[in-house]
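Student: Listed here are the chains, written in short residue letters.
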Amino acid sequence: MPEAILKIEGLSKSFEGSQVFNDVNFAIPEGELSSIIGPNGAGKTTLFNLITGYHVPDKGKILFRGTNIAGMQPFHIVGLGIARAFQRTNIFPRMTVLENVLTTVISARKGNLSLFAPFRNHDKDHERAYEILENVGLADMASRESGTLAHGNQKRLDIAVALALEPKMLLLDEPTAGMSPEERWHTVELVKGLWEKLKITMLFIEHDMDIVFGISQKVRVLCYKTILAEGTPKEISSNQQVIEAYLGEEV
Amino acid sequence: MVNNRNEYSSTKRNWIAGIIVTAGLFLLPFILTNFGKTGEYWIWVTTEMIIMGLFAMSLNLILGFGGMVSFGHAAFFGVGAYTVALLMKKAGVSLFFALAAAPVVAGLAAAVIGWFCVRLIGLYFAILTLAFSQLLYMIVFQWYTFTGGDDGIHGIPRPEFLGPLNYYLLCLVLFIICFLIMRMLVNSSFGLTIRTIRENLERAKFIGLNVRRFQWLNFIIAGSFAGLAGGLLTELNRFSQTEFLHWSKSAEPILGSLVGGMYSLLGPAIGSAVLIFMKIFLQQLHKGLVEIWAIILGLVLLVVVLFAPGGLVGIYEKAFKKS
Chain E
1 MPEAILKIEG LSKSFEGSQV FNDVNFAIPE GELSSIIGPN GAGKTTLFNL ITGYHVPDKG
61 KILFRGTNIA GMQPFHIVGL GIARAFQRTN IFPRMTVLEN VLTTVISARK GNLSLFAPFR
121 NHDKDHERAY EILENVGLAD MASRESGTLA HGNQKRLDIA VALALEPKML LLDEPTAGMS
181 PEERWHTVEL VKGLWEKLKI TMLFIEHDMD IVFGISQKVR VLCYKTILAE GTPKEISSNQ
241 QVIEAYLGEE V
Chain W
1 MVNNRNEYSS TKRNWIAGII VTAGLFLLPF ILTNFGKTGE YWIWVTTEMI IMGLFAMSLN
61 LILGFGGMVS FGHAAFFGVG AYTVALLMKK AGVSLFFALA AAPVVAGLAA AVIGWFCVRL
121 IGLYFAILTL AFSQLLYMIV FQWYTFTGGD DGIHGIPRPE FLGPLNYYLL CLVLFIICFL
181 IMRMLVNSSF GLTIRTIREN LERAKFIGLN VRRFQWLNFI IAGSFAGLAG GLLTELNRFS
241 QTEFLHWSKS AEPILGSLVG GMYSLLGPAI GSAVLIFMKI FLQQLHKGLV EIWAIILGLV
301 LLVVVLFAPG GLVGIYEKAF KKS
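Protein chains in written order, with full-length UniProt numbering: chain E, 1 to 251; chain W, 1 to 323.
Pulled out of the complex, with its shape left as it was, chain E reads as follows (with noise of 0.2 Å):
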């Protein structure tokens, strides 16, 4: 079994004196296409949340290819090579599509502080800023104001976003949210193929069932504050504790 790259250890995580978390413990092995599930407001987006920086857990350990990532800054984290797109779409709207990855791309190679050479003259950035976007089929659209792309396409530019930060492990907040059926699997033959290609660890949380059983390697359940149970689609769509729990009679 290779290596985890992403461990987690006794998490804790309270708001406001609700536990959300108690003593979270799982570990990711390098290059798997895994998923979260759980019921609403099982914390599926605060998890995310306390890995990229967003939230500090009251205890525990995030510990990512063997450094304690828990409680630091999200650029931080983000430089260590963990990336995430989110749920709710979260671009940069009033900038062309290439603009939304090359700042990204420059941002990823630390290019941020050149105060005078015109961005626009480095061929190196774009060239990456559209293999990018080709990765994620929105070339054709790089001159668009990135406002004004349906929603689909948005949430795939959020992707290619955080793709362009190279990240070593990918977390995706509910990537199909939003979308019609087609789309749906269209994102999800998207997201499969991008990890084939890349060969990068990915991590995503999502609701539909046939897309968690149909992709992921592994899943893992958040329930009662806690992992309830992970293993293989198999195992977790006949796992008692789980149908009991979460997916109820018709799984």
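Errors might be hidden in some of the hints.
As the list claims (entries may be wrong) - Where chain W lies over chain E, by a calculated footprint (3+ residues, C-beta under 8 Å):
#, segment
1, 72-79
2, 86-96
3, 100-111
4, 116-126
Claimed, not checked - Stretch by stretch, here's where chain E covers chain W in the computed footprint (C-beta under 8 Å, at least three residues):
#, segment
5, 186-197
6, 205-215
FYI, nobody ran anything at the bench for these hints, they're computed from the structure. What you are looking at is a predicted structure, and each value in this text was computed from that prediction instead of being measured. Glycine included, each C-beta is placed from N, C-alpha and C at the ideal position.
Guided by the hints, dock chain W onto chain E, whose structure is given.
Tutor: Frame of chain E, contents of chain W only:
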């Protein structure tokens, strides 16, 4: 590599218009000198427009490009003004050295004040900038022996060769240099970073940006340019006064930016020139109109905000885009 210009959202260039306007600005004082006292007055007014335009452009680096509303930009304008006044009057330093020192000292002040301010965002940031500028105002106001208090510092010397016309040209050349530097900044990777933060501050952190650091640097740069503007106005007036640090001085570049257009580099300069011109024009039309200047200004702003949120530059771009 195809660098086709509509891939970018930032300002488009218009070289021909730029050259014509620049040539016009260089010719203007030579025409005005032929009109005696009135001509001299208008040279003074246009010099002030250039200086206040520089001040407005400096604010807009943080306001329009950085998305940070500052109510205290006059602090750095005032620091620049008093730097020139004190160096020339009390230390006997030459004008050019004093003018070089103004942006440096103002930049240092911006580094100290900005260090605290960028820790806050939105309204809290705005209020803190206001608080700091009022603090500086009160210090200058009270410290009579050093700053002259509310008398200000008068009788600042002027090198002999710098008559009104030459001083106009000096300000114009400095304005153009500053404009070119700011344009490079705005079009650089740093400029793109600043716009990225403006567009979505939270997301910017998640693309690996140390947001505060870039905001701080931008704040310092904006403060430096404001300091130069303050120094130039001091030499134009041959005095420095507490009014240069007053909160109402902080409002002027904001209004200029709103009227001219916040999302372009030159917009704020155009806007503040228009406002200065309007005020003088109304004054000459009828003395009583100055007393209701605030009302007229309010109406102008109302119209701009409601019907032309992109300001004058926005109107210009709309008119020439689809043709």
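Student: All hints are to be evaluated individually against the structure, with a verdict given for each.
Tutor: Tested hints:
1. 72-79: holds (count 5)
2. 86-96: Coverage by chain W holds here, the residue count being 8 at a Cβ distance below 8 Å.
3. 100-111: holds (count 7)
4. 116-126: Since 9 is at least three, the answer is holds.
5. 186-197: Contact hint for the segment 186-197 of chain W vs chain E: holds, 9 residues under 8 Å.
6. 205-215: holds (count 8)
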